[in-house]
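Participant: Residue numbers (the numbering used here), protein chains in the order written: chain R, 1 to 382; chain C, 1 to 307.
Keep in mind that the hints were calculated from the coordinates and are not lab data.
Incorrect hints may have been included.
DSBU-like cross-link-like pairs, simulated, lysine-lysine; straight-line CA separation at most 30 Å [said to hold, decoys possible]:
no. : chain 1 : residue 1 : chain 2 : residue 2
1   : C       : K276      : C       : K256
2   : C       : K179      : C       : K241
3   : R       : K376      : C       : K216
4   : R       : K65       : R       : K88
5   : C       : K209      : R       : K376
6   : R       : K65       : R       : K93
7   : R       : K82       : R       : K93
8   : C       : K10       : R       : K291
9   : R       : K119      : R       : K65
10  : R       : K376      : R       : K326
11  : R       : K291      : C       : K63
12  : C       : K25       : C       : K228
13  : C       : K138      : R       : K376
14  : R       : K326      : R       : K291
15  : R       : K291      : C       : K228
16  : C       : K256      : C       : K179
17  : R       : K326      : R       : K78
18  : C       : K10       : C       : K75
19  : R       : K376      : C       : K63
20  : R       : K104      : R       : K93
21  : C       : K75       : R       : K376
22  : C       : K216      : C       : K63
What follows is a list of derived Cβ distance ranges for each label pair [stated by the list, open to error]:
no. : chain 1 : residue 1 : chain 2 : residue 2 : range
23  : C       : G12       : R       : R226      : 51 to 61 Å
24  : R       : L5        : C       : E215      : 22 to 32 Å
25  : C       : P64       : R       : R374      : 40 to 50 Å
26  : R       : V365      : C       : A13       : 55 to 65 Å
A virtual CB, placed ideally from N, CA and C, is assigned to each residue, including glycine.
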Amino acid sequence: MGPPLALIRKDIQLFLADRTAAIMAIGIPIGIALFFSFIFSGSGGGQVKPISIVIADSDSSAVSKGIMDGLQKDPHLKTTVKTEEQAKADVAKGDAAFALVIPKGFGAASAGAMSGGEKPELLAYGDPSQNVTVQAAQGIVLGAVMNGILDKTLPPEAGKGDHMPFTMKTHMETAKKVDEAAVGRAHTFAGMSVQGVLFYGINLAMSVLRDRRLGIGKRVRSAPVRFGTIALAKALSGALIGLITILAVFAFGMIVMHVRVEGSVIGFLLQCVATALFASSFGLLVAAMGKTEEQSRGLSILVVLMLSMLGGAWFPSFLMPEIMQKITLAIPSRWAIDGFDSALWRGTDLVHMLPFIGMTLLFAVICFAIATPRLKALERAA
Amino acid sequence: MLVAENLVRKYGATTAVDGVSFEVKRGTCFGLLGPNGAGKTSTIGILAGLVYPNAGTVTFDGKPLTPDSFETKCKVGYVPQELAIYEEISATANLEFIAGLYGLQGAERSRRIGKALDIVALGDRATERVSQYSGGMKRRLNIAMSLLNEPELLILDEPTVGVDPQSRNAIFETLESLKSEGLTLLYTTHYMEEVERLCDRIAVMDHGKIVKEDEKAGLLRLLGGQSKVIVDMADEETAQKFAESVRGDGFIVERKGTNVEITADDLSDALTRVAKIAAVQPIESLQTGRATLEEVFLHLTGRSLRD
């Protein structure tokens, strides 16, 4: 058994030696995920910020143009005009929470409906993970459409009444059709598995600092082993334990809460590996930044909580202000959680998951590259 | 065997090791003695290949010994001052971990682990969690973990800190046995009795420098081969009067309670003087001795505290 394997094997032995801690590492994220699942799977709450929606006009009539104009001027909406296919695809990929499509012939049919004809149907697509936004968008859109029709079909002096000359049907749109309640649970398990593995990263950091305090680092360095090998072995053993944690959390979610991988299974597994590698490298970075366990623990817990919150582990990132949604793209946990969301309930294929996997790995590499030289310097100063 | 030449190690503005040079011959025990903060551990760090010196060289059998000279490092064992062991797992698991670092596997790994456990007499407790060990057992395991690579030189950095006399004696017996088998030892401590018992040659270190290096006898001669006469008096008052009567003629006289300690270059001069005064000031008892290594140490490093 070579030095790297000896280092990895030792870390696994130490992890398993403290069974209570090992169970806690897996049990705590499961417990929190269960808690949030029960809270969020019913989905409630209000929404006041401007809602980003995609609109598509397949009719190009005076009525539809009036509706489009009204929607674009509505202060409660931020609209993007696209084709019907693009609008549907945006919702399916999670790029938009709501899309409205005005179908061909809608203008003429709605005018006819005003005088007792058959009511035409508007098409809408909603992201099932964003129920609150979808419901809010539906309400605002209905009003805007009603005004658009009435403005073009009735003379200005006529009373507008409350007769609605159309219907609207919203399709919850994902790449794969999923149970809407399962979306909330899947997102919660994605978030809590990432938070849980980041907390394991703190444990890894503490073990590095403890090795330094106990002189084990000195003993290892007195052996014929390069520091790069030691750091890499630590990262790999940490990633292996992190992977076990993530898989255990998801296994529980799948068995008990019926969470399913609707997208690429390979992509899901790669996202698990990438997330575990990131958590492990993050742990090394924490160890590299602090000189003592006490010094590092408090700060790193705060950092993990921030990473979890901003990454969307506690509540979906779309509930954040738009500027925060953009800023959090620089947060590694956001990519990891979005990656899991894609694999679990959005039904994304492997190719479209690669950006999430790649970005998570990139953050892992950045953390490792910053941590290793600093750890080496600290070890040699110890 | 091991030659250190003009070693310098700095930590920021502090020079922990300042031009240290010495040689350790094969089959001997070399003691590095010094108060806390003297630079012993920093020197050991360089000798064990943990860090590069800022200046100077270390050679082992003529080959450089640095953090990257793996072939040479395989010939050196290192016992850190700290208990560098994992208490959550067994002694065997700890030893397997270190064996893995040296690329040992299979039957050879088992043989060396068994041998190391036998040397430190832990064979019958090898599968227990280390957390259940006594302090002395942990110290012995700390040593066993440094023997797996079958080193030619064993560097021990204060290996008996915090152990009871029985455990310390067991560790000494282990080290004496290893030395008798030809293992070279480099031993740092601030316990004089350990150095007196184990070491053939001693370097006294202070403020990052070697202040004196010699064989044990040579160091004792440093205080002029001085002799001591210790007289016990009936009470402190008579002891004080006796001390005042003896003082003079180059004698160093110190009263400690009812004892009067007279240090002189010549034992017979001191005894003659004591006998003359004892005729008028009766004494309870008398004993003679020579200067101890501790006195040499204090003479070389001073008596001020090193906290």
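Participant: Looking back at the numbered hints, which does the structure fail to meet, lowest number first?
Facilitator: The structure conflicts with hints 2, 3, 10, 11, 12, 14, 15, 16, 23, 24, 25 and 26, although it agrees with all the remaining ones.
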